[in-house]
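Using the sequences and the hints given, assemble the complete structure.
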Amino acid sequence: YVQYANIQFYMPAVFGGSKKEALEYYLKARELMERNKDDIKGNWNYLSLLIVIAQSYSYVDDYKSSIEYLDKILKIEPDFSYVKNELYPQVLKKIKE
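First residue of the sequence shown: 143, per my numbering; consecutive thereafter.
Bear in mind the hints are in silico, worked out from the structure with no lab data behind them.
Remember, predicted model here, so these are calculated numbers, not experimental data.
It is possible that some hints are incorrect.
[Said to hold, decoys possible] Keeping only pairs whose Cα atoms sit at most 27 angstroms apart, straight-line, the calculated BS3-like set for lysine-lysine is:
#, residue 1, residue 2
1, K214, K238
2, K162, K238
3, K214, K162
4, K162, K236
5, K235, K206
Now the structure itself:
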């Protein structure tokens, strides 16, 4: 699901790409990963997926959902500097614009 989502996300719309459709596939991948809670503990692939979901929400102008995912990541990994110092401020800036 992640790979198909990536295809949809990065494919130009003129060729059938859709960020909204990509988001649906990312969310399905998250759902599948979360079925086994032991597999996601300390799993950087899982955190990476959550980042991509947060960024995808931002791309479709759903900043509230983006913030929710960034908060979720910081609950799991409070010192994740990329999320705390880069992504979070970027989304907050977009909200203010």
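Quiz item: Quick check: which numbered hints come out false for this structure?
Solution: none
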